[in-house]
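Engineer: Let the hints inform the model, and build the full structure from the sequences given.
Just so you know, the protein sequences line up as chains A and B, in that order.
For the first sequence, the numbering used here assigns the number 164 to the last residue and increments by one with no breaks.
For the second sequence, the numbering used here assigns the number 294 to the last residue and increments by one with no breaks.
Errors might be hidden in some of the hints.
Covered by chain B, per the in silico footprint, the following chain A stretches (three or more residues, Cβ under 8 Å) [stated by the list, open to error]:
id, stretch
1, 15-21
2, 42-49
3, 73-85
Treat the hints as calculated values from the structure; they're not laboratory data.
Keep in mind that this is a model prediction, so the values were computed, not measured.
Even glycine gets a Cβ: it sits at the ideal position worked out from N, Cα and C.
So you can see what is in the structure, the chains are spelled out below.
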Amino acid sequence: MPSEPARRARLEADQAAFLEALQGRAPTPAGFDGDDMSAAAASLLRKRLGMVVHDWPALAYAVGEDLPEAFARYAQATPPPAVGEGLADGLGFALGLDPGTLTGEARAEILHARARFVVRSGRVAARRGPFAGAATLRHPRRVLVVMRLPGLGIGHVQLGGRGR
Amino acid sequence: MAAAAVVAVAAVVAEVGAVAEPLGIGLGWRPELSAVLAEDPSLFVEVIAENVDPSRLPDDLAALVAEGRTVIPHGIRLSLGGARHPDPRRLDHLATLAERVRAPFVSEHIAFARAHGIEAGHVLPVPRSREALDIISENVAVAQAALPVPLALEHVAALVEWPDPTMSETEFIAALLERTGALLLLDVSNLYANAYNHGFDVVGALGELPLDRIAYVHVGGGTHRDGRYYDTHTDPVAPEVLAVAEELCARADPPGLLLERDGGFPSADETRAELDAIAAAARAGASRRAGRAV
Numbered sequence: 001m002p003s004e005p006a007r008r009a010r011l012e013a014d015q016a017a018f019l020e021a022l023q024g025r026a027p028t029p030a031g032f033d034g035d036d037m038s039a040a041a042a043s044l045l046r047k048r049l050g051m052v053v054h055d056w057p058a059l060a061y062a063v064g065e066d067l068p069e070a071f072a073r074y075a076q077a078t079p080p081p082a083v084g085e086g087l088a089d090g091l092g093f094a095l096g097l098d099p100g101t102l103t104g105e106a107r108a109e110i111l112h113a114r115a116r117f118v119v120r121s122g123r124v125a126a127r128r129g130p131f132a133g134a135a136t137l138r139h140p141r142r143v144l145v146v147m148r149l150p151g152l153g154i155g156h157v158q159l160g161g162r163g164r
Numbered sequence: 001m002a003a004a005a006v007v008a009v010a011a012v013v014a015e016v017g018a019v020a021e022p023l024g025i026g027l028g029w030r031p032e033l034s035a036v037l038a039e040d041p042s043l044f045v046e047v048i049a050e051n052v053d054p055s056r057l058p059d060d061l062a063a064l065v066a067e068g069r070t071v072i073p074h075g076i077r078l079s080l081g082g083a084r085h086p087d088p089r090r091l092d093h094l095a096t097l098a099e100r101v102r103a104p105f106v107s108e109h110i111a112f113a114r115a116h117g118i119e120a121g122h123v124l125p126v127p128r129s130r131e132a133l134d135i136i137s138e139n140v141a142v143a144q145a146a147l148p149v150p151l152a153l154e155h156v157a158a159l160v161e162w163p164d165p166t167m168s169e170t171e172f173i174a175a176l177l178e179r180t181g182a183l184l185l186l187d188v189s190n191l192y193a194n195a196y197n198h199g200f201d202v203v204g205a206l207g208e209l210p211l212d213r214i215a216y217v218h219v220g221g222g223t224h225r226d227g228r229y230y231d232t233h234t235d236p237v238a239p240e241v242l243a244v245a246e247e248l249c250a251r252a253d254p255p256g257l258l259l260e261r262d263g264g265f266p267s268a269d270e271t272r273a274e275l276d277a278i279a280a281a282a283r284a285g286a287s288r289r290a291g292r293a294v
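Structural biologist: Below, the structure is given as structure tokens:
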């Protein structure tokens, strides 16, 4: 019988192969039912997209009918984040989009998420330090400023905003 | 005659045991469900542990704690079914939250959430082998040692199964609970989902589980599509799942039943109607059990 570390290493390798297949980066491991794998993979992707849409309504609206396909491409390349669920996952997705497709409301969602998370080499992690960012929004024209001060929390102000 | 009835009832009570105070009907806390939870003080509460900071609970959740509501932290990323020992920081978070909300116990899944540093973003099934059982039992023991309250374990819904299992799902669950002394978080929707998708008898499965170890019961929504049942938590509770809840309550007296809803939130009225339907299923089962006892 193999040692405990060897047994744990074997379990982890098996689980990683299963996981990579479910996320579309590897073929179905031997012995698994192909149809069941496809159903499970599609279901995981739907749940993941559902959490992102829940936390990013304006981004989802801005991307529009391309969303399922665009998100599927992102998800295949990028495993879910270790923290932050839909909010963090949506940030990773949003930062890979063509900024030209984003509405002001979507850029506002990005600011609020960036106050909470950092993205380093494609991986989203909880932000520890301070943050300040601004976005210009239209209709009415105004500037949104979001700040994070460690120990004090996150706040935002809007400057301008009176209709012309 | 009356004495015989008392003896029979006492026997049933002794048989099903009482692992916890009665909880009644509950609802998983989400910001969208805050109003329904606030207005009905009889509801017990479950909170996804990873979604809250124990030192800065959302105001509405803190209010439920302050009014003495039972709140159960429910972990989703401890990865007790993974190959590594549970992360001490995640355990510390769960332990701190349990103390903050004065939880009678906490719950987690018989599942893995990551491997080789890759997050699953969900709770995934484990191979049902002796080898995996040994590893998971040890992981659970590590978690139990770090937690200030008992741990209840939930079996998951899985559309795909690992090949060549050496045990049925119920045998695996029962063996893990036996070895670790953990409580059971019985999810009637997950049990229905796996029975439907993998072709076993859900009522028979209920009979194979240690129902006397139930801490509480999950009831979640889902949908049938293309010959499969999907445990979505964004659809209404299926009548078939309510029937499993009733059958369970005809066989045992679980301390509480809790509705899980993660998205596609219906109106408050519809949520209340779902809670009422769960309570009605529990009552129907309990009256069948009482009928049998006397």
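Engineer: State whether the coverage of the stretch 15-21 of chain A by chain B holds or is violated, taking the criterion as 3 or more residues with Cβ-Cβ distances under 8 Å.
Structural biologist: holds (count 5)
Engineer: How about the stretch 73-85 of chain A: do at least three of its residues have a C-beta closer than 8 Å to a C-beta of chain B?
Structural biologist: holds (count 6)
Engineer: Mind checking, does the stretch 42-49 of chain A have 3 or more residues with a CB under 8 Å from chain B?
Structural biologist: holds (count 4)
Against the hints set out earlier in the document, no violation occurs for any number.
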